[in-house]
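Starting from the known structure of chain G, fit chains H and A onto it as the hints suggest.
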Amino acid sequence: MLKLRDYSITKKLTWMNMLVSGAALLLACAAFVVYELTTFRAAMLRNLSTQAQIVGANSVSALLFHDPQAAENTLSALRAAPAILFGGVYAKDGRPLAMYWRDRGGPALPLPAIPAGQMETHWFTDQELILVRSILFQDKLTGMVYIRSDLREMTNRLTRYASIVAGVFLVSLFAALLVSSIFRRIAAQPIVRLAEIARIVSREKKYSVRAPATGNRDEIAVLIDAFNEMLAQIQARDGALETARVELEERVQQRTAELEAMNKELEAFTYSVAHDLRAPLRHIQGFSDALVEDYGPRLDAAGKGILQEIADSTQFMGRLIGDLLALAHVGRQEPQLQLAGLHSLAQEVLRDLKHETDGRNIEWRVGGLPFVDCDPGLMKQVFYNLLSNAAKYTRPRNPAIIEIGSTSVNGRGAIFVRDNGVGFNMKYSDKLFGVFQRLHRREDFEGTGVGLATVQRIIHKHGGQIWAEAEIEKGATFFFTLETLETKAPQEETRTFALKGEHG
Amino acid sequence: MNDAVEILLVEDDPRDVQLTLRALQAENVQNQIEVARDGEEALDFLFRRGIHSGRSPDHPPKLVLLDLKLPKVDGLQVLKEIKASPECHAIPVVILTSSGEQRDLVESYKLGVNSYIQKPVDIAQFRQTIKTLGLYWLVVNRPPPNKTFHEGPREPGL
Amino acid sequence: MKDTSYHLTIALVVCAVVGVEGLQAQDPKPTEYQVKAVYLYNFGRFVTWPVRATAGDEPFGVCVLGQDPFGPILDAAVAGETIDRAHVVVRRLAKPQEAASCRVLFISSSQNDDLKEILIALDKQSVLTVSDMPQFVRRGGMIQFLLDGNRVRFEVNLAAAGRAGLNLSSEVLRLATNVRRTP
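Chains as they are written, first to last, in the working numbering: chain G, 1 to 504; chain H, 1001 to 1158; chain A, 2001 to 2183.
Here chain G stands alone, though its shape is the one from the complex (with noise of 0.2 Å):
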């Protein structure tokens, strides 16, 4: 059931209108039945009242000379109003002398008294009017008349009115709504198509509508304009803001495009510089090889030592130069997606760093590892660099445990590798992917600092993250997620990791 509140305009206008119609026009019909009722029951007992009276007057003589018959025919009168149930004369001692019934024949009624002092008494039950008049004859009084009447005309004409009443009613309520309908295209119309146009424009988001005008200048009108200059503002806004995110689109396009160029420039440029590095390098070393062979017999330990750090630091040139290029070529091709077993390139991997790690007490746990769409070769070299990284960072343990499996971090699949060699502080960790820099010092662990940077760049080309988490004597747990990896885990572990923000 609606609230009265929830009703559209033009129906509160409509009930407004017929409730004041309805008040107004009640109001003054009531007062004028009221009236009427009052001033007609005020004539009604005065023409009783004279009735009464005359018949009271025709009747002293019957009174007097006992002539109840004389007194019937006066009272035989009452039956040219119709209204009039009863009418008896009463001599002045209260006993009845004739009677007048209009429907049947009845006995005489008994008399009610006059109070004291009164020439009349007279009340009105629901159904009759009751009087009785003394009756005077020369200032004597001779008797009584006492008439019964019923309300019958009183009530017919309440009916009249009542009907009246209805009827004008009805016709005012008719008019009433007429007139609403008049005021409502003046008023409740404008506000009415207002209101559409406002839900039209919030939900279909269109500004270019407008709402029309009413050509007045009421209150309405001027929420109208209002309106209106709203939807223009907002449009010419919409219009700026799409403008400016046209153009800042653009920008954006440029300088992705800028800065594209210039990463390719540069990995042309580290692509190439690596590339004409290492000609010289193999001559460096050709040549003092070529000294130690032909001359090394001449040369006393401390030649031969300088002979030897000159190779040390041409190799260590030469592993550089090789990661960077690496590096490079990872930058330079857009990954060859297909699907391939994570599973069997970590075991290929696995076999590659046998000869490495001859000799070492390595447990390895490889856990259950997904298929994945992914580069294989550029993978295998994530699980190179990973895997070697554990290797030599467990020199020092005994067993070194290196894990490789799969894990859920947030709801998103991952793979780990972790080991229990002697890990890294945190406090450091946003150096770990940079390239060149490493967190060990170089007598302890050798590397070149360009691994870890290969990796990140080889996961980020698949779409991935890469991050760690490590103690410092500990162990190191290096996590990344490939965006082609499902999000639930697969069977083998179900751990969630909390991510320390965001890491690579």
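These are computed hints drawn from the structure, not numbers from a lab. Worth double-checking, as some hints may not be accurate.
What the hints assert, rightly or not - Reference excerpt, derived from the structure (chain H facing chain G, CB under 10 Å, subset only):
#	residue
1	D1013
2	D1016
3	Q1018
4	A1023
5	A1026
6	Q1102
7	G1112
8	K1119
9	V1121
10	I1123
11	A1124
12	F1126
13	Q1128
Claimed, not checked - Under the rule of at most 27 Å between Cα atoms (straight-line distance), these lysine-lysine pairs were calculated in the DSSO-like manner:
#	chain 1	residue 1	chain 2	residue 2
14	H	K1083	H	K1072
15	G	K354	H	K1119
16	A	K2029	G	K92
17	H	K1069	G	K264
18	G	K264	H	K1083
Where is the CB? At the ideal position from N, CA and C, for every residue including glycine.
What follows is chains H and A alone, placed relative to chain G:
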């Protein structure tokens, strides 16, 4: 100029030449090695043009070690001409280059190269590779007999 | 002795019964002459006399000529009554000439034989003549009492009243059983 050349080394970098020669000699691969410093020289030698016009056609080299980046005429062009000519196409050509570029690899094999080696950075590995190369192509491999050069290829164009 | 007391008792009883009856007779139903008495002076209310010089305090005389059949009844009936603000008094006349102060005169049926003379004597005086002797109105009387069963009725001779200068209200006329308009 001795006509019995066994290896034609086409390499422009003199130091690489020196190191390669040392490697070949150190491994006791007794060969007559001719060095061409650019593509033009290489082609002149193989097709007995220019200064090599006096060379005998009966002794084609058993192996051509070809670098790719060469002045005047580059390695791929040289390869192309060798493999296109009836008299020289049977000569084994081994590309020995520092380039690892995919496209060089593809082009070379399209042109019919016999083997593609990327020069190792590490000198020890370099020497080993050269030794292996020499051993394989000159000792293990049976070179094409002379007849091959006179009859030419069976299928036109490679 | 025994006989006397016995008779006495009987007499007492009879008297008591009669007395009771008499009492009963008196209360519920008025007697003939009680009614007539009331009618008598009430006629006075419905008659207009010709204007004559009267003193303000003059009483309204209701007279009886001849043998009075009313007795104290009439006195009792008129006691305290006023007609036209004049006290009603009762007078008993010996002869009609005394009727000068009378308004209403009841001629007893004892005067039946002398009626003609009485009426002539009253001719010049405006007196309402009422009687219950037979043929009263025929003989020139104005109102004659009749008995209709138990009911007291009257006849009116309007012409006679007119000759005496008396005007009778229609109110009373309509109650009359008969109204003679011709002399």
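Checked hints:
Because the smallest distance between the Cβ of H:D1013 and any Cβ of chain G comes to about 6 Å, under 10 Å, the interface hint for this residue holds. Of the supplied interface hints, the one on H:D1016 holds, with its beta-carbon coming within about 7 Å of a beta-carbon of chain G, less than 10 Å. A least Cβ separation of about 8 Å between H:Q1018 and chain G falls short of the 10 Å threshold, and the interface hint therefore holds. A least Cβ separation of about 8 Å between H:A1023 and chain G falls short of the 10 Å threshold, and the interface hint therefore holds.
For the restraint placing H:A1026 at the interface with chain G, the shortest Cβ-Cβ distance is roughly 8 Å, inside the 10 Å limit, so the hint holds. Proximity of H:Q1102 to chain G holds as hinted, the smallest CB-CB distance being about 9 Å (cut-off 10 Å). With a least beta-carbon distance of about 26 Å to chain G, the hint placing H:G1112 at the interface is violated under the 10 Å criterion. Because the beta carbon of H:K1119 sits about 7 Å from the nearest beta carbon in chain G, less than 10 Å, this interface hint is met.
Given the 10 Å rule on beta carbons, the hint for H:V1121 holds: about 4 Å separates it from the nearest Cβ of chain G. Given the 10 Å rule on beta carbons, the hint for H:I1123 holds: about 4 Å separates it from the nearest Cβ of chain G. With its C-beta approaching chain G no nearer than about 8 Å, H:A1124 sits inside the 10 Å limit, and its interface hint holds. Taking 10 Å as the C-beta cut-off, the interface hint given for H:F1126 holds, the closest approach to chain G being about 6 Å.
Evaluation of the H:Q1128 hint against chain G yields a violated restraint, the C-beta minimum of about 12 Å exceeding 10 Å. At most 27 Å may separate the alpha-carbon atoms for a hinted pair to count; H:K1083 and H:K1072 meet this at roughly 19 Å. For a cut-off of 27 Å, the pair hint linking G:K354 to H:K1119 stands: about 26 Å separates their Cα positions. The straight-line distance between the Cα atoms of A:K2029 and G:K92 is roughly 16 Å, inside the 27 Å bound, and the hint therefore holds.
Between the alpha carbons of H:K1069 and G:K264 the distance comes to roughly 23 Å, so the proposed pair stays at or under 27 Å and holds. With a CA separation close to 36 Å, the supplied pair G:K264 and H:K1083 exceeds the 27 Å bound.
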